[in-house]
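Engineer: First to last, the sequence lines map onto chains A and B.
Reminder that position 107 of the first sequence reads as 106 in numbering that gives the first Met the number 0, one-by-one numbering, no gaps.
Reminder that position 362 of the second sequence reads as 361 in numbering that gives the first Met the number 0, one-by-one numbering, no gaps.
For the record, the hints were derived by calculation from the structure and aren't laboratory data.
Where a beta carbon is used, it is the ideal one built from N, C-alpha and C, also for glycine.
Hints are supplied without guarantee of correctness; some may be wrong.
[As the list claims (entries may be wrong)] Cβ-Cβ distance ranges computed for the label pairs, FRET-style:
#1 Glu256/B x Gln154/A: 48 to 56 Å
#2 Asp300/B x Asn92/A: 52 to 60 Å
#3 Val122/B x Gln96/A: 21 to 29 Å
#4 Asn88/B x Ile150/A: 25 to 33 Å
#5 Asp351/B x Ile150/A: 32 to 40 Å
#6 Val122/B x Ser111/A: 22 to 30 Å
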Amino acid sequence: MINSIRCTAILLFLALNLIACSEPQPINAFVKGSFAQIQQSYINSPHMIVFWGQNCAYCMKEFTFFENALSHTNTVKLITVATDPFLSTDIINQLHQDSNLDQVEQWVFSESVKEKLYFDVSKNWRGELPFIIFVNKDRRVTQHLGMLKEIELVQWIKQQDL
Amino acid sequence: MTKTKFIVCFLITSGIVAFFLINQQQATLKVESHIRHGQHAESSGVTSMDVKYVNGIVHLLLGKQEDGQQEIWYQSSPDQGTTWSKAVNVTIHSDVPAKFKRGNDARLAIQGDNIVAVWVTKVEGAPHGAGPMIVMRSTNRGQHWQLATMPADWQGAHGFFAMDGNDNAINLVWLDSREQTIKGSQGLRFSQTVDGGLNWSENLTLDNITCACCWNTASFADNGLFYVLYRDKQPSDMAIGRVDPSLNWQRLSSVGEFNWDFEGCPHIGGGLAIDSETQQFHSTISTGQPDNVGLYYLNSDDKGQTWSSPMPLGNKSAIHSDIGVSNDGTVIAVWDQLSENGLQVFYSKSDDHGQTWSEFQSLSDIKLNASHPQVIAAQDQTLILWTESGDQNLSRMQTKILVNDD
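Working from the sequences, and respecting the hints, build out all of it.
Structural biologist: Rendered as C-alpha cells:
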C-alpha cells in the first residue's frame, strides 16, 4: 500500500515537472537597457542573442536549425528577441513551439520607436534581419548580419565547450 | 447747420464703411488661419506618403491610420508646398481595408488630368496580412476617385510599388512571389496603362529574383524611357534597368558594386533623379557590406550604363534616402540616420552636379523620430517631406521648404 502511494507520488511529481517544463517561457519586454541587462545576466556563459522579425523569411529558416545546433552544447544559451514592436505573445509562442525553442529566453521589442532599440543594441545596426550577437566564453562579442549557415553556428557552439 | 449735419453723416457713413471693411479683413484672416490650421491637422496619423511634381503642381498621397482605420488622402499644391488644396479621401467609397507603412507606401502617378493611386489590401490570416493591390483613378485632378482595373494578372500578395507617368502612359512596378525562385526573394513585375488606369498591359517580369522587402523607385526620362531602381539578389546590390516605349526591358548596371552578399531583409531601397537639362542621373543607395556600411551618392553621365565612385553621405547608420534635382542643376539629397531618439532627417546639396556636397544639415527635431524623407526640387525652392512621431506615437507629416540658399 505504502509502495503504491510512493509510486503514485513519484509519478505525480514527474508529471508536474513535465508540465512545468513544457510551459512556454514568459516573454520579456525589451526596452532601452534590456540589451545590457541580458549581457549582464549571462556574463559568465557563452551566449547568442538572436534578433528576428515575423515577416523575415530568413529568420524563420534560421529558427529551424537552432534546436539541432543547441543539441551540441550544455553551456551556450540562446536568447531570442522579436523586433516587431509589441508582437503578440501567441505568435511568439507559436513560432518558438514550431521550432522546439519554447524553453529559450524570449523577449519582444516594447518600444513603439524601434529605431531607439536598434541604437541601444548597436550604433550602426539599421534594423537588418536576421541579426545575431555572439558572446563567446572569453566574453568576446561578435555580430552577424543576415542568415547564418547551420554549419558555422554548430562550429561556433562546439568551440565554446572546448 | 446743414454743413454740420453733412459732416456728422459723413463721419457715421465712413465709420460704418470702415467697420465693415475691417470686419471683412478679419474674416479673411480667420479663414486663412483656419485653412492653415486645418491642413496641419490633416497631416496627423500619417503612415504612408508619396509625392510627385508634375507641370508645376505638387501631388501628395497620404496614408493615414487612426482608430484602427486606414484611409488614403490626396492633396495638391500649386506653389511647391506653401499651400495645399483641401484633402480628398480616396478610399471613401472603398470597403476593402488598406495596408501600408513607411517603406511599403501607397503610390501615385500623373498622366495629364488622370491620377492613379495604388496600395496593398489587407487580408486577415494571409502571410504578412497582405493581399492583392487595389488601384483607384481620378480623371478630374483628384477631385473624385473610382476603382480602376487591376493591373496584376496574378492575384497573390503584391507590394513595394513604384509608379511614374508622362504624357503618354503610367508605368507601374511592384514585387510579388508568383514564382518564388529562391527563399526570401520576390520578382519585379511591370504593367502599363495608356488610358489613366482603365486598361493595363500584360504583366512583364523584369527580374525574377529581387530583394523581397526593399522599396523600388521609378522615373520616366524625357526620352520616354522608364527607369527602375531596385535591390537585386545575389548579390544584394542596387540595380537599375529601363523599359522602352515598346515595353522591352533591359537591366543596365549595378548602382554601387559592393558585392554585398546578404541573406536577409535590409528593408532599404534607393533614390533616383534625372536632370532634365543634362540627362545626368543622380542616385542615393545604401549597402550593408561589412567594410562599407552606409549611404552613398553616385551619378551617371551615360543614362545608367556606368556610375561614378560611391561618395558617402551621412554616417554609417544612414538608412532611408531620396534625391532630387532642380531645373538649374542643383542636386539635393535627403536621408535619415539613427540617433538616441530614433531617426533624424538630414540633407545636403550640390551646386556642381554632384562633384562636391555641402555640410550635412539636420532638418528634424532631434527629440522626434523622423524618417523616410522625400524631396521635390523645383526652380526657386525645394520641398522636403517626411513623417515623424514623438512620445505620443502619433505619426504626422512634416515639411520644410528650402528657399534659394537656405
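Engineer: Next, verify each hint and record whether it holds.
Structural biologist: The hints, checked one at a time:
1. The hinted window of 48 to 56 Å between Glu256/B and Gln154/A is violated, with their beta carbons roughly 30 Å apart.
2. Under the hint 52 to 60 Å, the C-beta atoms of Asp300/B and Asn92/A, about 56 Å apart, fit the expected range.
3. Distance hint check for Val122/B and Gln96/A: the Cβ-Cβ separation is about 25 Å, which falls inside the suggested range of 21 to 29 Å.
4. Under the hint 25 to 33 Å, the C-beta atoms of Asn88/B and Ile150/A, about 54 Å apart, miss the expected range.
5. Look at Asp351/B against Ile150/A: about 50 Å separates their beta carbons, and that is not inside 32 to 40 Å.
6. With their beta carbons about 25 Å apart, Val122/B and Ser111/A fall inside the hinted range of 22 to 30 Å.
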